[in-house]
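Here's the letter readout for the chains.
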Amino acid sequence: MTTIDIATPSLYLDGIPHEGFTRIRETEGLVWHPYGESGFWAVTRHADVREVSRNPEVFSSAIGHTNLWDLEADALEIRRSLIDSDAPDHTRLRRLVSKVFTPKATRGWEDTVRRITTELVDGFVATGGGDWVEMLAAPLPIRVIMAILGVPDEDARYLVELTDHLVEGTGAGSSLPDDAYGNTTPTRLLPFNSPASHALYEYAERMRQLRLAEPADDLVTGLVRADIGGDRLSAAEYRNFFQLLVFAGNETTRTAIIHGGLAFAQQPDQWDALRGDPGLTGSAVEEVIRWASPILHMRRTASRDTVLAGTAIAAGDKVVMWYAAANRDPEVFDEPFRFDVTRSDNPHFAFGGGGPHFCLGAFLAKMEIQVLLEEMVGRGIRLEQRAEPVRLASNFVHGVESLQLGVMA
Amino acid sequence: MSGAVHLTVDLDRCIGIGQCEMLEPEVFRLDDEDGISRVADGATLDRARAAEVVERCPSMAISIVEDSPSG
Numbered sequence: 000m001t002t003i004d005i006a007t008p009s010l011y012l013d014g015i016p017h018e019g020f021t022r023i024r025e026t027e028g029l030v031w032h033p034y035g036e037s038g039f040w041a042v043t044r045h046a047d048v049r050e051v052s053r054n055p056e057v058f059s060s061a062i063g064h065t066n067l068w069d070l071e072a073d074a075l076e077i078r079r080s081l082i083d084s085d086a087p088d089h090t091r092l093r094r095l096v097s098k099v100f101t102p103k104a105t106r107g108w109e110d111t112v113r114r115i116t117t118e119l120v121d122g123f124v125a126t127g128g129g130d131w132v133e134m135l136a137a138p139l140p141i142r143v144i145m146a147i148l149g150v151p152d153e154d155a156r157y158l159v160e161l162t163d164h165l166v167e168g169t170g171a172g173s174s175l176p177d178d179a180y181g182n183t184t185p186t187r188l189l190p191f192n193s194p195a196s197h198a199l200y201e202y203a204e205r206m207r208q209l210r211l212a213e214p215a216d217d218l219v220t221g222l223v224r225a226d227i228g229g230d231r232l233s234a235a236e237y238r239n240f241f242q243l244l245v246f247a248g249n250e251t252t253r254t255a256i257i258h259g260g261l262a263f264a265q266q267p268d269q270w271d272a273l274r275g276d277p278g279l280t281g282s283a284v285e286e287v288i289r290w291a292s293p294i295l296h297m298r299r300t301a302s303r304d305t306v307l308a309g310t311a312i313a314a315g316d317k318v319v320m321w322y323a324a325a326n327r328d329p330e331v332f333d334e335p336f337r338f339d340v341t342r343s344d345n346p347h348f349a350f351g352g353g354g355p356h357f358c359l360g361a362f363l364a365k366m367e368i369q370v371l372l373e374e375m376v377g378r379g380i381r382l383e384q385r386a387e388p389v390r391l392a393s394n395f396v397h398g399v400e401s402l403q404l405g406v407m408a
Numbered sequence: 000m001s002g003a004v005h006l007t008v009d010l011d012r013c014i015g016i017g018q019c020e021m022l023e024p025e026v027f028r029l030d031d032e033d034g035i036s037r038v039a040d041g042a043t044l045d046r047a048r049a050a051e052v053v054e055r056c057p058s059m060a061i062s063i064v065e066d067s068p069s070g
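So the sequence lines, in the order shown, correspond to chains A and B. Numbering of the first sequence is given in numbering that gives the first Met the number 0, commencing with residue 0 and proceeding in unit increments. Numbering of the second sequence is given in numbering that gives the first Met the number 0, commencing with residue 0 and proceeding in unit increments.
One or more hints might be untrue.
Said to hold, decoys possible - To spell it out: a stretch of chain B is covered by chain A in this simulated footprint if at least three of its residues, at any positions, have a beta carbon under 8 Å from a beta carbon of chain A; those stretches are:
1) 37-51
2) 55-66
Unchecked claim - Quick partial rundown of chain A residues pointing at chain B, CB under 7 Å, derived from the structure:
3) 90
4) 91
5) 93
6) 94
7) 355
8) 357
What the hints contain is simulated information worked out from the structure, not anything from laboratory work. C-beta: ideal position from N, C-alpha, C; glycine also.
Go ahead and model the full structure; you've got the sequences and the hints to work with.
What follows is the structure, given as structure tokens:
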């Protein structure tokens, strides 16, 4: 077999290795990709990702880990969240937290999203541009999730710092000493093996105590009081969920906004199309999300022997859904490597492959991007690329550390 | 064949994501108490649209009622 590498994090410093993904997608059956002492099945076609995602009994989230590397049983258990669960545990947890993330709840946050977006866009315009990541893409989602959770604005920077450390854990490794933030837990027992998770846990617990003592109109209050027929989140479930929210609600939407800004700067015809017809905002939001594919993959583990794409898979094998590749599948997307805000049929898998682990924050993420596009179009400005983006060495998040963009009238 | 069909939600499978309510707010409504989707009384959808909604339910909880009187 020819050697194709899609897993080495440093490859992603030059962007997603699309050539490798295309070769895998065009190979009949599934490709076994070496990883560590063994390997994984690389699932890259849209139809195959969908099949894995919609058969959670066969392709488990609860066995091994949902990242490429395995966790020992005790480590998996202590950090288990919604993402690493199967039915019936997943069903129970998801129902409890879905209640605070419904389309209706999301609409109730629009004013908050618009207030924060307006402030950030005005700041970016006032300086004539700057680092799109630091000035806009990073603070927007973190401030929104903080406002919704009920965390004060002044703590946002601290929480961004913590989630940045979590992303390091998926790449070259943590830059923090194990005892950072007063951590005493062995890091192998912490999410992303990072002592920053310890700090997030502590922060979450302080918020929980505050809201138990004095309820407020926010998400933490909703979570600590969520009750379905007497069933509630345990303290551990709550803190793992808080950690998940701060990470997923921040890194992912941030990444979508980064790549959206870059795409519009590089393809001004697409920005002109959107400015000329604001009715395209909905399809532009979906295209930004497909184009960005913020989470590059999720892993499942075969719970029994099975067959996928004509390839025999053994119980225990790692099966990795590469959303970034499925979102460029020419079987589904016409001219998949073209950024096209008019794309009307856009069944992308940036929120997952269509199964029960569908992104909880999908409606919120879409609203944030929509409001951002509306506010930028409303100001009659355009973006201009000033430097190459500085990308992250991660095969998990399609991350960018900095991106210099200018603002033009 | 096209035509209007009724839909049903499997209450044991639904996990309250809300994709159906987002797609067809007149037909689906998440219950305020248990957070699970319900079909409005007598609501129907065109068969092609119904098939799309079924396809896009992440928990695979929606199905077309095949003996729909109007379908």
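Numbers of unmet hints, in rising order: Violated: hints 1 and 4.
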